[in-house]
Amino acid sequence: PNPNPRDRPPAAQRHRPPRRRPTATTGLPPSPPAVAPSPKLDPNKFQILMEVESNGDEGNKKQKPRHKGKHDKPKPWDDPSIDHWKIDKFEPTWNESGMLEVSSFSTIFPQYREKYLQDVWPTIKSALRDHGITCELNLVEGTMTVSTTRKTRDPYIIVKARDLIKLLSRSVPAAQAIKILDDEMQCDIIKIGNLVRNKARFVKRRQHLIGPNNSTLKALEILTGCYILVQGNTVAAMGSFKGLKQVRRIVEDCIQNKMHPIYHIKILMLKRELAKDPALANENWDRFLPKFKKKNVKKKKSKGKEKKPYTPFPPPQQPSKVDQQLESGEYFLSKEKKSAKKWQEKQEKQVERAAENKRKREAAFVPPEEPMTQEHNQSTGDNGDVSAMAKSLKEKAKEYKRQKTIEQVDPQAYIANSKGPSKKHKKQLES
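For the record, in the sequence shown the residue sitting at position 258 is 258 according to this note's numbering, with numbers rising by one throughout.
No wet-lab data here; the hints were simulated from the structure. Where is the CB? At the ideal position from N, CA and C, for every residue including glycine. Heads up, some of the hints might be wrong.
Said to hold, decoys possible - Simulated pairs of lysine-lysine, DSSO-like, Cα-Cα distance not exceeding 30 angstroms:
(1) 346 with 298
(2) 342 with 358
(3) 242 with 166
(4) 245 with 179
(5) 179 with 166
(6) 89 with 199
(7) 245 with 89
(8) 160 with 242
(9) 349 with 360
(10) 125 with 166
(11) 298 with 204
(12) 258 with 245
Stated by the list, open to error - Pairwise CB distance ranges (calculated):
(13) 252 with 225: 52 to 60 angstroms
(14) 300 with 327: 41 to 49 angstroms
(15) 298 with 88: 47 to 55 angstroms
(16) 401 with 367: 47 to 55 angstroms
(17) 368 with 232: 56 to 64 angstroms
(18) 98 with 73: 19 to 27 angstroms
(19) 335 with 300: 30 to 38 angstroms
(20) 231 with 274: 30 to 38 angstroms
(21) 159 with 298: 20 to 28 angstroms
(22) 298 with 339: 54 to 62 angstroms
(23) 97 with 143: 27 to 35 angstroms
(24) 295 with 88: 46 to 54 angstroms
(25) 290 with 159: 38 to 46 angstroms
(26) 225 with 143: 30 to 38 angstroms
Using the sequences and the accompanying hints, generate a full structural model.
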């Protein structure tokens with residue numbers, strides 16, 4: 001009978017024998033691979049091998065320095081004797097067969113460069129002919145085109161020719177632009193027109209890059225070793241890769257108002273002085289370089305509007321002008337009464353405005369309050385002290401007179417005498 005599938009043990013507990021695939025010839029399972037007998041090692045030799053391996057591991061541990069990151073590990077091309085910035089000069093023997101396909105580049109130039117390009121085009125044509133490049137000046141379309149020929153040997157010279165016509169279109173003189181055909185010379189055209197939206201701010205920052213009498217630009221050319229020309233919305237630079245990298249960073253920082261070119265000039269001068277010291281050649285120079293902070297005053301943040309609580313119902317409809325006239329009763333007035341009411345309101349506003357103007361005019365004739373000087377305050381204080389002293393002296397004098405009169409009073413003059421009338425009564429009788 002078939003057992004109940006629920007009574008079977010789970011798949012993990014069921015034991016299944018491994019399947020063996022039969023061979024193609026006999027149909028029998030393959031025999032297990034032969035195991036080579038382990039060689040018998042001499043204990044002395046085994047001890048010597050262990051010592052050699054341990055010594056080698058210790059030597060490797062001592063030689064391998066610790067590195068902070070995985071990218072800081074030494075590379076096979078990190079050889080101090082190799083100059084990675086050096087560019088080998090191309091030899092025509094490297095490509096004797098020439099180019100298989102024709103490559104061409106074209107660029108437009110502004111109209112104000114048309115007369116100059118016509119004058120210098122024979123010079124450009126002869127310079128490119130030496131490298132096997134043909135050039136064409138189309139004055140109708142306003143374009144310059146360069147293309148390879150069968151005599152072209154250097155495959156990269158067409159890129160150099162493309163840079164040449166780009167520099168000519170950006171107002172670089174022909175004598176300077178022809179230098180781009182050298183292997184050591186590179187160029188970079190930096191677009192600065194889209195870095196700032198405000199035109200006036202852009203012109204001001206571009207002038208910071210040029211400096212008074214081109215002084216800032218000349219200093220940058222000396223320190224970076226590059227030729228720099230500012231023209232319109234672009235900056236054309238020619239030099240080595242290292243110098244072009246510095247020029248691009250300086251130009252972008254200036255136009256974006258991150259750092260003034262003067263501070264970059266100070267940093268480059270310090271780096272030049274530090275490079276002369278061989279003891280500091282392989283050290284970090286950040287501790288010697290100045291750190292400039294921006295002194296721009298931040299604008300106060302505008303107070304945002306407070307969000308009202310959300311209500312799913314639309315706001316109530318505002319009363320129209322007719323509704324307001326109906327509420328005030330003005331809607332039912334005649335044209336004469338409406339005009340009279342408007343004239344009355346106009347007269348009231350005019351009276352209020354005239355009174356306000358009169359008050360402002362009279363305010364100009366009101367004398368300002370004179371400030372109390374310190375000397376005047378001191379004098380008034382002294383006068384107050386003198387008057388208080390005089391008052392106290394008068395009171396003392398009155399008190400003294402009162403006491404004196406009390407002492408001089410004769411009591412006999414006020415007592416009636418039994419012997420006869422008083423002196424006062426006698427005088428009255430005599431009179």
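*Could you work out which earlier hints the structure fails to respect and list their numbers in ascending sequence?*
1, 6, 13, 18, 19, 21
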